[in-house]
Amino acid sequence: MKRRTFTALTASLSLAASLMGTSAMAQDNMRIALVVKALGIGFFEAANEGAQEAAAELGNVEVIYTGPTDTTAEGQIEVINALIAQNVDAIAVSANDTDALVPALKRAMQRGITVISWDSGVADDGRMVHLNPSSNALIGNMIVKLAADHLPDGGDVAVLSATTTSTNQNIWIEEMTKVLPNYPGINVVSTVYGDDLADKSYREAQGLMQSFPDLDAIIAPTSVGIVAAAQAVADAGKIGEVNVTGLGLPSEMAGAIESGASQSFAIWNPIDLGYSATMIAHALASGAATAAPGAEISIGRVGTITLDDSNSAAMADPFVYDASNIEQFKSIF
Amino acid sequence: MLKRLISTRETLLMAAIVLLLVLISSRFPAFIGPSNLARVFNDTSPLILLAIGQMIVILTKCIDLSVAANLALTGMVVSMINVAAPGLPMIFILMIAVGLGTLLGMFNGLLVWKLSIPPIVVTLGTMTIFRGIIFLISDGKWVNSHEMSAAFKAFPRTILLGLPVLSWIAIIAVILFTIVMTRTTLGRAFYAAGGNPHAATYAGINVGKTQFWAFTISGALAGLAGYLWVSRFAVAYVDIAGGFELDVVAACVIGGVSIMGGIGTVAGALLGALFLGIIKNALPVVDISPFWQLAISGGAIIIAVALNAQANRKKGRIILKQAEHAT
Numbered sequence: 009m010k011r012r013t014f015t016a017l018t019a020s021l022s023l024a025a026s027l028m029g030t031s032a033m034a035q036d037n038m039r040i041a042l043v044v045k046a047l048g049i050g051f052f053e054a055a056n057e058g059a060q061e062a063a064a065e066l067g068n069v070e071v072i073y074t075g076p077t078d079t080t081a082e083g084q085i086e087v088i089n090a091l092i093a094q095n096v097d098a099i100a101v102s103a104n105d106t107d108a109l110v111p112a113l114k115r116a117m118q119r120g121i122t123v124i125s126w127d128s129g130v131a132d133d134g135r136m137v138h139l140n141p142s143s144n145a146l147i148g149n150m151i152v153k154l155a156a157d158h159l160p161d162g163g164d165v166a167v168l169s170a171t172t173t174s175t176n177q178n179i180w181i182e183e184m185t186k187v188l189p190n191y192p193g194i195n196v197v198s199t200v201y202g203d204d205l206a207d208k209s210y211r212e213a214q215g216l217m218q219s220f221p222d223l224d225a226i227i228a229p230t231s232v233g234i235v236a237a238a239q240a241v242a243d244a245g246k247i248g249e250v251n252v253t254g255l256g257l258p259s260e261m262a263g264a265i266e267s268g269a270s271q272s273f274a275i276w277n278p279i280d281l282g283y284s285a286t287m288i289a290h291a292l293a294s295g296a297a298t299a300a301p302g303a304e305i306s307i308g309r310v311g312t313i314t315l316d317d318s319n320s321a322a323m324a325d326p327f328v329y330d331a332s333n334i335e336q337f338k339s340i341f
Numbered sequence: 013m014l015k016r017l018i019s020t021r022e023t024l025l026m027a028a029i030v031l032l033l034v035l036i037s038s039r040f041p042a043f044i045g046p047s048n049l050a051r052v053f054n055d056t057s058p059l060i061l062l063a064i065g066q067m068i069v070i071l072t073k074c075i076d077l078s079v080a081a082n083l084a085l086t087g088m089v090v091s092m093i094n095v096a097a098p099g100l101p102m103i104f105i106l107m108i109a110v111g112l113g114t115l116l117g118m119f120n121g122l123l124v125w126k127l128s129i130p131p132i133v134v135t136l137g138t139m140t141i142f143r144g145i146i147f148l149i150s151d152g153k154w155v156n157s158h159e160m161s162a163a164f165k166a167f168p169r170t171i172l173l174g175l176p177v178l179s180w181i182a183i184i185a186v187i188l189f190t191i192v193m194t195r196t197t198l199g200r201a202f203y204a205a206g207g208n209p210h211a212a213t214y215a216g217i218n219v220g221k222t223q224f225w226a227f228t229i230s231g232a233l234a235g236l237a238g239y240l241w242v243s244r245f246a247v248a249y250v251d252i253a254g255g256f257e258l259d260v261v262a263a264c265v266i267g268g269v270s271i272m273g274g275i276g277t278v279a280g281a282l283l284g285a286l287f288l289g290i291i292k293n294a295l296p297v298v299d300i301s302p303f304w305q306l307a308i309s310g311g312a313i314i315i316a317v318a319l320n321a322q323a324n325r326k327k328g329r330i331i332l333k334q335a336e337h338a339t
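Chains as they are written, first to last, in our numbering: chain A, 9 to 341; chain B, 13 to 339.
The set of hints was computed from the structure by calculation and includes no laboratory data.
Every residue gets a Cβ at the ideal spot worked out from N, C-alpha and C, and that includes glycine.
There could be a bad hint or two in this list.
[Unchecked claim] Here are the computed lysine-lysine pairs in the DSBU-like style, where the Cα-Cα straight-line distance is at most 35 Å:
(1) Lys153/A <-> Lys186/A
(2) Lys221/B <-> Lys73/B
(3) Lys126/B <-> Lys221/B
(4) Lys246/A <-> Lys153/B
(5) Lys246/A <-> Lys153/A
(6) Lys126/B <-> Lys153/A
(7) Lys126/B <-> Lys73/B
(8) Lys246/A <-> Lys186/A
(9) Lys153/B <-> Lys114/A
[Said to hold, decoys possible] Some chain A residues well away from chain B (every beta-carbon gap over 12 Å; in silico):
(10) Leu66
(11) Glu70
(12) Ala156
(13) Val187
(14) Arg211
(15) Ala244
(16) Gly295
(17) Ala322
Model the full assembly from the supplied sequences, consistent with the hints where possible.
Okay, structure coming up:
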């Protein structure tokens with residue numbers, strides 16, 4: 009982490025020097041700053057990997073990977089102020105606070121710097137575009153697709169959610185219910201709530217297997233629930249009979265994929281996220297695209313995004329993790 | 013006379029449990045199958061361990077709110093040790109779990125004994141401190157199932173004479189502490205220190221020191237449960253067993269342990285824990301709206317406590333009458 013900060017520092021120092029010396033060189037290279045919540049977090053290191061990939065693809069782009077050493081808004085404001093002083097071309101930020109960064113980011117935009125937020129957004133007037141990793145509709149569709157993909161002849165599935173009042177869980181389940189008719193034969197038999205507690209989720213999963221002996225899959229769109237359900241299935245000796253799927257993190261789900269309790273699960277791919285954020289920042293800063301509702305922006309290999317009324321967009325379907333790629337991602341996040 | 017009253021209260025609770033099982037089986041018959049009851053007992057084992065420790069603490073007029081945080085901290089420490097040294101034999105892991113839990117319990121005990129801080133304040137503080145330490149040592153990260161060694165996860169699941177080791181540990185603890193509470197000087201001192209602290213002091217019992225030992229025992233059991241918990245659910249993170257201390261206190265109160273101290277038995281704590289455990293395991297299968305489940309859980313606790321309060325009051329009156337007759 010220290011070394012990285014130092015590299016970033018030397019990079020920015022040398023860039024500042026080049027600015028003072030030969031300004032021509034700086035104009036050739038578009039400099040996009042990828043500001044993360046904190047340095048040293050696997051998820052953001054992976055996002056940087058994607059950003060570097062985008063930079064290599066675009067050519068003449070330099071990605072400055074930076075952020076505070078701990079996840080504070082104050083730290084990010086300092087970083088942003090330093091970037092304004094360096095006169096970078098674009099800032100792509102994953103914010104520690106929705107509102108606290110707005111004044112600093114506004115100042116950046118006044119200086120002609122392109123500002124976008126990704127992953128964790130800032131308030132509308134603090135950025136030009138916000139990139140969500142996915143959308144509620146895409147997530148709702150993905151969680152049922154994950155179960156359906158392993159049930160070609162249809163089957164009974166149950167949902168294990170967090171708390172009854174969890175907003176995002178309820179929205180995802182609602183979106184899932186909307187697209188259910190597209191998956192004939194998939195029958196949602198029950199929705200239970202594990203309150204994001206390992207023991208309660210475990211018990212609820214056990215209860216599901218008892219109440220519905222023919223259960224084929226448990227969909228848990230919550231990281232605590234999916235891990236607990238996978239353990240309950242393994243302990244009940246039902247690996248192969250009941251497939252646990254939903255939203256989880258690769259590092260937490262590696263054991264369940266290994267044991268076979270879970271065939272696959274989904275979550276955003278940080279590499280794609282860093283890649284797409286860099287692509288959008290480049291498109292806006294170079295004038296290839298404008299930030300306006302309804303605008304379409306190409307994000308290279310990931311596809312195209314369409315901005316909605318608040319100038320935010322969803323990147324893509326959640327990325328599916330299974331036995332083929334879990335090894336690569338389990339050490340990342 | 014007193015003994016017979018206590019036993020009737022436990023019989024009453026036993027009857028309530030049987031009634032509960034009958035009610036559940038009318039909606040979901042498979043629940044009362046022997047294998048399922050064994051599963052429910054296994055699931056309730058950590059609660060039984062903690063309830064025994066909590067009962068002893070409550071007997072001495074104290075309360076230990078830090079048990080769940082102690083469990084979580086010990087669980088995190090042993091799982092991190094397991095990740096660092098996967099080859100370490102299980103006996104050492106168990107010793108570390110009990111040892112660390114004991115130390116954390118002693119810390120509570122010392123503050124209560126030497127500094128005379130009210131126990132609810134001490135344990136409210138240590139509860140937060142312990143959770144904070146977990147965050148510091150783990151950096152907020154999880155220890156996941158694939159990082160734990162196979163032996164670490166297998167121990168509580170190993171079947172011995174038809175029951176998992178986890179269940180056997182609870183059974184052994186129940187037997188051991190029944191003996192300690194009824195047959196040893198320390199066990200009787202717990203009752204004396206809480207039942208009438210002044211009389212206990214005159215009888216030569218150091219009340220503070222007795223409370224210290226109560227916290228130590230509670231801590232040791234919480235530490236043991238910490239390892240069992242992370243091993244059973246194959247995951248360790250900051251918030252594991254969040255709010256579990258309230259379940260533990262509820263189990264004790266349902267089990268007829270008087271919050272005023274001095275009254276309670278291991279059997280009562282066991283039955284109280286089982287009562288809660290049965291409700292927790294039955295709610296997912298009886299097909300009741302999740303919105304009602306919390307209300308039902310809470311309602312059952314209040315009914316049980318109301319019955320106990322009623323029983324306590326009656327007993328108080330009888331003793332007074334006897335005293336009146338005697339004079």
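Tested hints:
1. In summary, the hint linking Lys153/A to Lys186/A is supported, as the alpha carbons are separated by about 13 Å, within the 35 Å threshold.
2. With a CA separation close to 13 Å, the supplied pair Lys221/B and Lys73/B stays within the 35 Å bound.
3. A distance of roughly 9 Å separates the Cα atoms of Lys126/B and Lys221/B; the hinted pair therefore holds under the 35 Å criterion.
4. Of the supplied pair hints, the one linking Lys246/A and Lys153/B holds, its CA atoms being roughly 29 Å apart against a limit of 35 Å.
5. Between the alpha carbons of Lys246/A and Lys153/A the distance comes to roughly 21 Å, so the proposed pair stays at or under 35 Å and holds.
6. The hinted pair formed by Lys126/B and Lys153/A fails the criterion: a straight-line CA distance of about 61 Å is larger than 35 Å.
7. About 16 Å separates the Cα atoms of Lys126/B and Lys73/B, which keeps this hinted pair within 35 Å; it holds.
8. Pair hint Lys246/A plus Lys186/A holds up; C-alpha atoms about 29 Å apart against a cutoff of 35 Å.
9. Annotation: proposed proximity of Lys153/B to Lys114/A holds, straight-line Cα distance about 34 Å (limit 35 Å).
10. For Leu66/A, the condition that its CB be more than 12 Å from all CB atoms of chain B holds, with the nearest at approximately 34 Å.
11. Even its closest Cβ contact with chain B, about 31 Å, leaves Glu70/A beyond 12 Å, as expected for a residue assigned away from the interface.
12. Against chain B, the non-interface label of Ala156/A holds: every CB pair exceeds 12 Å, the least being about 24 Å.
13. Once the 12 Å rule is applied to beta carbons, Val187/A is consistent with being away from chain B; the minimum gap is 23 Å.
14. Non-interface status of Arg211/A relative to chain B is broken: a Cβ of that chain comes within 12 Å, the nearest being about 6 Å off.
15. The beta carbon of Ala244/A sits about 9 Å from the closest Cβ of chain B, which is not more than 12 Å, so the claim that it is off the interface is violated.
16. Against chain B, the non-interface label of Gly295/A holds: every CB pair exceeds 12 Å, the least being about 41 Å.
17. Separation of Ala322/A from chain B is adequate, the least Cβ-Cβ distance of about 27 Å exceeding the 12 Å criterion.
The structure does not agree with the numbered hints 6, 14 and 15 stated previously, though it agrees with the rest.
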